[in-house]
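**Q** Just so you know, we're using this note's numbering here: the sequence shown kicks off at 18 and counts up by one.
Simulated from the structure, these hints should not be mistaken for lab results.
It cannot be assumed that every hint is accurate.
Think about it this way: if two alpha-carbon atoms lie no more than 16 Å apart in a straight line, the pair counts; the simulated EDC-like pairs of lysine to aspartate or glutamate are [what the hints assert, rightly or not]: (1) Lys240 <-> Asp222; (2) Lys240 <-> Glu195; (3) Lys132 <-> Glu59; (4) Lys132 <-> Asp109.
Beta-carbon label-pair distances, calculated as ranges [stated by the list, open to error]: (5) Glu57 <-> Ala153: 26 to 34 Å; (6) Glu94 <-> Asp45: 22 to 30 Å; (7) Glu125 <-> Asn247: 17 to 25 Å.
Here a beta-carbon is modelled for each residue, glycine too, at the ideal position from N, C-alpha and C.
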Amino acid sequence: MLVIAHRGFSSQYTENTIVAFKHALMLDVDAIELDIHQVEHEFLVFHDPYVNKLTNGKGRIFDLPLNQARQLLVKGEDQIPTLNEVAELIGDRVILNIEVKSLLCVQEFVVYVKKLIAEHNCKVVISSFDHPVLMAIKMSFSDFIEAELLSEEPSAGKEPSAGEEPSADKKPLAYPVEFGALIAHAPFDHAKYAGTLGVAIAATDWNTVNADFVEDAHARGKKVWCYTVNHEETLVDLIAMGVDGIFTDRPDWARQFISQRNANT
Numbered sequence: 018m019l020v021i022a023h024r025g026f027s028s029q030y031t032e033n034t035i036v037a038f039k040h041a042l043m044l045d046v047d048a049i050e051l052d053i054h055q056v057e058h059e060f061l062v063f064h065d066p067y068v069n070k071l072t073n074g075k076g077r078i079f080d081l082p083l084n085q086a087r088q089l090l091v092k093g094e095d096q097i098p099t100l101n102e103v104a105e106l107i108g109d110r111v112i113l114n115i116e117v118k119s120l121l122c123v124q125e126f127v128v129y130v131k132k133l134i135a136e137h138n139c140k141v142v143i144s145s146f147d148h149p150v151l152m153a154i155k156m157s158f159s160d161f162i163e164a165e166l167l168s169e170e171p172s173a174g175k176e177p178s179a180g181e182e183p184s185a186d187k188k189p190l191a192y193p194v195e196f197g198a199l200i201a202h203a204p205f206d207h208a209k210y211a212g213t214l215g216v217a218i219a220a221t222d223w224n225t226v227n228a229d230f231v232e233d234a235h236a237r238g239k240k241v242w243c244y245t246v247n248h249e250e251t252l253v254d255l256i257a258m259g260v261d262g263i264f265t266d267r268p269d270w271a272r273q274f275i276s277q278r279n280a281n282t
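Please construct the entire structure, taking both the sequences and the accompanying hints into account.
**A** Right under this line is the structure:
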């Protein structure tokens, strides 16, 4: 079972901050989940649409000028990080699960993530509750991958230069990008719905999942991830069901519990 640090080590440090992500990486987690909003041509790591609760600012984050948003302090201490800053920190150490909250331009996001993969070797999962946006991202990624494969073919009558290295923009994707459909309720046919969307992961609230749902998802070749799991009784039940991954605010506890359980079986 994958342990996914929900917004970093968010039970001990302010969510979606570099500090929370750094401490999550110390815990042998399998993945780190974060949320992004597009602000102008940048992608900022922040959960809420409004900045009022966690920062010294006011208003919706995607309505702010980028320079103003970058000057805000989360709980008076931490700057809101960019997606690139977090990707640079994580690299290929764990899976980077990007939950899309708001976008201004799908294609701009895809180009941005593609560059993260090329420069930092990130292993990326993109998820969202907004399934039309998720499908638009997925389709745009497919177009880019097909274009890259075509661009790798030598031009007619032209030999590739000896020792020539592709630029970051020309490198083929180091890892396939996976997609996860987030849903706040899980009817039995959600796995079928995930299959219709063509995503690899059906991600749902832990209190709506059951063994039949997990079995159906696995039969369709889909992984099941559940959020947000912070209690032992819940984790024990999900392990018994065969759930593939959990989002947790307590990655230290979850990793230790799963490791001890595996050692005793």
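**Q** Do the alpha carbons of Lys240 and Glu195 lie within 16 Å of each other, as the hint requires?
**A** holds (11 Å)
**Q** Given the hinted pair Lys240 and Asp222, is their alpha-carbon gap at most 16 Å?
**A** holds (14 Å)
**Q** Taking 17 to 25 Å as the stated bounds, is the beta-carbon spacing between Glu125 and Asn247 within them?
**A** violated (35 Å)
**Q** Is 26 to 34 Å right for how far apart the beta carbons of Glu57 and Ala153 are?
**A** The hint (26 to 34 Å, Cβ to Cβ) is violated, given that Glu57 and Ala153 are roughly 20 Å apart.
**Q** A range of 22 to 30 Å was offered for this pair. Does it hold for the Cβ distance of Glu94 and Asp45?
**A** holds (26 Å)
**Q** Is it true that the CA of Lys132 sits at most 16 Å from the CA of Asp109?
**A** Given that 16 Å is the threshold and the Cα spacing comes to 14 Å, the pair holds.
**Q** Is Lys132 close enough to Glu59, meaning Cα to Cα at most 16 Å?
**A** holds (13 Å)
Violated hints for the displayed structure, listed by number in ascending order: 5 and 7.
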